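Enquirer: Sequence:
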Amino acid sequence: MFKLSAKRISLLLLLGIIAGSITVTNASAMDKYKRRTLTRLETRDKKVTATSKLVDQTFDKVGIQNLNALIQNSANPDDPVILPVGDTQVHTLSRATTVYDGKKKVVLPRGSIVRGRKFPSRNQFSFIVESLTKRNQKKVFHAIGTKTSRLLFTLDTKNKTKTPLYTKNTAFAHQGTNNLPDLHEKNLQSYFDGDRRGNPFLTITADNYLNYYTNYLTNSNKTDFSKFSKSVKIKKFTRSRTVYTYYLAKPIKTFGTKRVRVGHKTLYRLKVSLGHVFRCYDNYNLDPGSYRITVNVGSKKFYVQLGYLADVYAETLSNNVTDIPADPVAGQAYVQSLQK
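Residue numbers for the sequence shown follow this note's numbering, beginning at 672 and rising by one.
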């Protein structure tokens, strides 16, 4: 056991204060460093080069109609090894069906429209809550809660629970596939693999509403998918290879909607098209990551992650060495087939 003199105690206290100050400074410096790093990545990405032009022009030829195809990891939708990406298939329920999240359950009525994917090996269907009709969303939120974005139901082995493709062509879906995958808002941190938590996103519901989520992350850092900042009915929709045009019942000022006359009605036009292809990087060591494609939604910019095949082709066009689990030749053939 030893005793400290008053002088030594004072010295240790001073060192503690200095150490504490260093810790705070370093934490602040890390935030500034991260912002500087991201700004540097953004500046480099915005510099137009012959290579970046080639990549953008190549993917622009694919068109917004094939955006869902660009996010797939395999050309075979039934590939047993590589699961489908993006929950792009749209189905209807042939009968009232119990859906669940753990022990909590609710029954969705016959004819309900669900967007998701089948897992035949597990006899399950997984679907996205935010794409349900507003009425069915309320059922889910009341019975199961608002924290989960994905629910399941069991595919009856006797085939009593049939899930035929939803064949109507609407603002939500076209020939059994949703028109738009969920879009994540593009921001400075989108140049990192891991985008910011609570990043705004946009989705279209089965009853043709455009929902824009910005405040679904609560003060306690939990998700609440019953909260959206904008929900506007889509009154009319036109679909071309390169542009989707939504005619909304109300304007969304932050999206730059344009007031137009459609017949005897005043609606608000919103155009959606593909934009710039950009790369993201590891949040910690800045290793080059996968590619993302910008989706222009009016005056706002969103993005989706490219699937393996499109990703490996973007890598090849950029003259980069790739470790993506896809064949570059197959990637090229796949993307070029979407340009026709």
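One should not assume that every hint holds.
What the hints assert, rightly or not - Here are the simulated DSS-like pairs of lysine-lysine, each with C-alpha atoms no more than 30 Å apart in a straight line:
hint : residue 1 : residue 2
1    : K906      : K732
2    : K942      : K972
3    : K893      : K776
4    : K893      : K839
5    : K921      : K907
6    : K805      : K776
7    : K971      : K921
8    : K818      : K833
9    : K732      : K703
10   : K929      : K717
11   : K705      : K972
12   : K724      : K971
13   : K839      : K929
14   : K810      : K921
15   : K972      : K924
16   : K924      : K906
17   : K809      : K833
18   : K810      : K929
19   : K901      : K971
20   : K805      : K904
21   : K893      : K929
To be verified - Just the calculated beta-carbon pair ranges, DEER-fashion:
hint : residue 1 : residue 2 : range
22   : P999      : K929      : 34 to 44 Å
23   : K775      : K717      : 45 to 55 Å
24   : D827      : N990      : 49 to 59 Å
25   : L836      : N990      : 38 to 48 Å
26   : G816      : G782      : 18 to 28 Å
To be clear, the hints were calculated from the coordinates, so they are not data collected in a lab. Here the structure is a predicted model, which is why all the values come from computation and not from measurement. For every residue, glycine included, the Cβ atom is placed at its ideal position computed from N, Cα and C.
Enquirer: Now tell me if each hint is right for this structure.
Expert: Verification of the hints:
For the suggested pair K906 and K732, the alpha carbons sit about 28 Å apart, so the restraint of at most 30 Å is met. Of the supplied pair hints, the one linking K942 and K972 holds, its CA atoms being roughly 12 Å apart against a limit of 30 Å. Between K893 and K776 the CA atoms are separated by roughly 21 Å; this keeps the pair inside 30 Å, and the hint holds. This hinted pair does not check out: K893 and K839 have alpha carbons roughly 36 Å apart, beyond 30 Å.
Our distance criterion of 30 Å between C-alpha atoms is met by K921 and K907, whose separation comes to about 12 Å. Restraint check: the Cα-Cα separation between K805 and K776 comes to about 18 Å, which is no more than 30 Å; the hinted pair holds. Note on K971 and K921: the hinted pairing holds, with a Cα-Cα distance of about 17 Å set against a maximum of 30 Å. Between K818 and K833, the direct Cα distance comes to roughly 28 Å. Compliance with the 30 Å bound is thereby established for this hinted pair.
As the CA atoms of K732 and K703 are separated by approximately 39 Å, the hinted pair breaks the 30 Å bound. With a C-alpha separation of about 27 Å, the suggested pair K929 and K717 falls inside the 30 Å cut-off, and the hint holds. Restraint check: the Cα-Cα separation between K705 and K972 comes to about 22 Å, which is no more than 30 Å; the hinted pair holds. Between K724 and K971 the alpha-carbon distance is near 21 Å, which keeps this suggested pair within the 30 Å criterion.
Taken as a hint, the K839 and K929 pair is honoured in the structure, with Cα atoms around 27 Å apart against an allowance of 30 Å. The suggested pairing of K810 with K921 holds, with an alpha-carbon distance near 26 Å, which does not exceed 30 Å. Under the criterion of a C-alpha separation no larger than 30 Å, the hint pairing K972 with K924 is consistent with the structure, at around 14 Å. As the CA atoms of K924 and K906 are separated by approximately 17 Å, the hinted pair is consistent with the 30 Å bound.
Between K809 and K833, the direct Cα distance comes to roughly 24 Å. Compliance with the 30 Å bound is thereby established for this hinted pair. At most 30 Å may separate the alpha-carbon atoms for a hinted pair to count; K810 and K929 exceed this at roughly 34 Å. For the proposed pair K901 and K971, the alpha carbon gap of about 14 Å is at most 30 Å, so the pair holds. Among the hinted pairs, K805 with K904 is consistent with the structure: their alpha-carbon atoms are about 11 Å apart, no more than 30 Å.
At roughly 35 Å between alpha-carbon atoms, K893 and K929 are farther apart than 30 Å, so this suggested pair is violated. About 41 Å separates the C-beta atoms of P999 and K929, a value consistent with the hinted range of 34 to 44 Å. Our hint of 45 to 55 Å for K775 and K717 holds, since their Cβ atoms are close to 46 Å apart. About 51 Å separates the C-beta atoms of D827 and N990, a value consistent with the hinted range of 49 to 59 Å.
Taken as a hint, the range 38 to 48 Å holds for the pair L836 and N990, whose Cβ atoms sit roughly 40 Å apart. One distance hint, 18 to 28 Å for the beta-carbon pair G816 and G782, holds here, with the actual separation near 24 Å.
Hints 4, 9, 18 and 21 from the earlier list are contradicted by this structure; the remaining hints agree with it.
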